[in-house]
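Generate coordinates for the entire structure from the input sequences, incorporating the hints supplied.
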Amino acid sequence: MTATVETAVTAAATTAADPAVRLSGVGKTFRDGGAAVLDGIDLDVAPGEFVCLLGASGCGKSTLLNLVAGLDAPSQGSVDVPSGRAALMFQEAALFPWLTAGENIDLALRLRGLSGRRERRAEVERLLDLVRLGGAYDKRPHQLSGGMRQRVALARSLAQDAKVLLMDEPFAALDAITRDVLHEELVRLWEATGLAVVFVTHNVREAVRLGQRVVLLSSRPGRVARQWRIDIPQPRRIEDKAVADLSVEITDHLRKEISRHGR
Amino acid sequence: MAADTADATSPDTEPGDALAHIEAGLDALETSLEPATGRLRRVAASVIPPIVAVALILAVWQVLYAAKIWPDWKLPGPGQVFTSLKEAFSNGDVWPAVGHSIGHGAIGFGASVAIGTPLGLAVGRIKAVRAGIGPMLSGLQSLPSVAWVPPALMFFGPTSAMLYTVVLFGAVPSIAVGVMSGLDQVPPLYLRVGRNLGARGLSSIRYVLLPAALPGYLAGLRQGWAFAWR
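For the record, the sequence lines run as chains A and B. Going by numbering that gives the first Met the number 0, the residue at position 73 of the first sequence is 72; the numbering climbs one at a time, nothing skipped. Going by numbering that gives the first Met the number 0, the residue at position 146 of the second sequence is 145; the numbering climbs one at a time, nothing skipped.
Hints were generated in silico from the structure; no laboratory data involved. Be a bit skeptical, because a hint or two may be false.
Stated by the list, open to error - Far from chain A, by Cβ distances over 10 angstroms, these chain B residues were calculated:
id, residue
1, Ala23
2, Ala52
3, Ala66
4, Lys67
5, Gly78
6, Pro134
7, Ser137
8, Leu152
9, Met153
10, Tyr189
11, Pro210
Stated by the list, open to error - To be clear about the criterion: a stretch of chain A counts as covered by chain B if any three or more of its residues have a C-beta under 8 angstroms from a C-beta of chain B, and this derived list gives those stretches:
id, stretch
12, 86–97
13, 180–194
14, 242–256
Please read these numbers as outputs of a predicted model, since none were measured by experiment. All C-beta atoms in this analysis are idealised placements derived from N, C-alpha and C, irrespective of residue type, glycine included.
Here it is in structure tokens:
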């Protein structure tokens, strides 16, 4: 088939260059003596790689992203982002409602330390054009549709000039058509920018549609259960037979993983 | 028609273009069709109802006066009241009194903002301070400021100091509680986004916390002003 199924698929692919993200033996416990949310996670993401993290509820996907984003510290092991920091996107666009779309992006530039007003304005316009929202600078977030807000959020993430983009179920709240279009948009931007993307989802099809690699996490504690390298060439579509076939296989593993908790 | 033929010949079939068109179509369909209301309309919508309301009250007043249910000295007509108001303003009796009240209110309010804002920030952000004086502030806030008049009179006599004491005790808790509840309403997600964007310490307060807490703060200021005024 188009995908090779291996548990330790990463080794060959990523040890060559410095990784964009390296997790070694990462564990996370929120309270002393409490149950571990993450346990012994070893995961490398290569520069420019698109990795999808897949798992049921309670697998600590969001916790993992918070660790990589530096919003939280691991209890064991180490999290390394050699390029410095990683941009983070959420299920909600989380644009600041007191700023316009353009000002939201501008704030990211400002907090990065860019001082020239005119340069910043030009950069914001460039980023808005990139997500095809040229002319939306003065729009308030509430005037935009969910998909447009998520694109502004994407532009804001790109404004952070990070080498790693972390996405926490960013399209889960969108309708199917908008999501499909944003999948295409995201792959286009990923190819254009060369960012490493870590995309968290519980939607198997979405993971297979987007990623070069799908990492299945077990739940409670979250561990890397299995990985798939996906060689189906882009542009893919979510309806593709190859995507569907692999999704069935991965879903079976996900189900097995979940039913372990029902015994 | 012309557009159709133009489209057929233009390189519309490129995948990037097709995506751009779908996106533009979605954006157009999902953006509300409601036309932006004109400025004149909005001004009219906010100005006309109060004018009508005042006119209605005056009309009811005039009708009651004309019905002669009460003698003139109990319920004078709107015309009579207007004439004596005009007299009072024109012979200069009113302005100093009004200025005096506004002056005390404004100075007292300004001082209350200067004290209440940092106090509210401390109570909202520091757990120990909140546990210590949070409940006290809520209690003080619900106390009518008139209640401060007797003790203030006893301490300061009928002076400006007494007035300011009453104003401060009335307004500071409202403003502090306003800041506090404004801070409570800030979605934690905003703070995380701010941190991820690189906002730390002061820049986080300036760019995220304060603007996000502003609505609650303004409500507190408004209530504080009402207390300062009374």
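Now the hints, each set against the structure:
Listed as a non-interface residue, Ala23 (chain B) fails to keep its Cβ farther than 10 angstroms from every Cβ of chain A; the least gap is roughly 7 angstroms. Once the 10 angstroms rule is applied to beta carbons, Ala52 (chain B) is consistent with being away from chain A; the minimum gap is 30 angstroms. Residue placement check: Ala66 (chain B) keeps its beta carbon more than 10 angstroms from all beta carbons of chain A (closest about 51 angstroms). For Lys67 (chain B), the condition that its CB be more than 10 angstroms from all CB atoms of chain A holds, with the nearest at approximately 56 angstroms.
Every CB of chain A lies more than 10 angstroms from the CB of Gly78 (chain B), the least distance being 48 angstroms, so the non-interface label holds. For Pro134 (chain B), the requirement that its beta carbon stay farther than 10 angstroms from each beta carbon of chain A is met, with the minimum near 28 angstroms. Non-interface status of Ser137 (chain B) relative to chain A is upheld: no Cβ of that chain comes within 10 angstroms, the nearest being about 27 angstroms off. In this structure Leu152 (chain B) is separated from chain A by more than 10 angstroms, as the shortest Cβ-Cβ distance comes to about 44 angstroms.
For Met153 (chain B), the requirement that its beta carbon stay farther than 10 angstroms from each beta carbon of chain A is met, with the minimum near 46 angstroms. Listed as a non-interface residue, Tyr189 (chain B) fails to keep its Cβ farther than 10 angstroms from every Cβ of chain A; the least gap is roughly 7 angstroms. With a minimum CB-CB distance of about 5 angstroms to chain A, Pro210 (chain B) fails to clear the 10 angstroms threshold, and the non-interface call is violated. Chain B is given as covering the stretch 86–97 of chain A, and this holds because 7 residues of the stretch bring a CB closer than 8 angstroms to a CB of that chain, at least three being needed.
Counting residues of the stretch 180–194 of chain A whose C-beta lies closer than 8 angstroms to any C-beta of chain B gives 4; at least three are required, and the coverage claim holds. Counting residues of the stretch 242–256 of chain A whose CB lies closer than 8 angstroms to any CB of chain B gives 0, which falls below the minimum of 3, so the coverage claim is violated.
Checked against the numbered hints listed earlier, the structure breaks hints 1, 10, 11 and 14; every other hint is satisfied.
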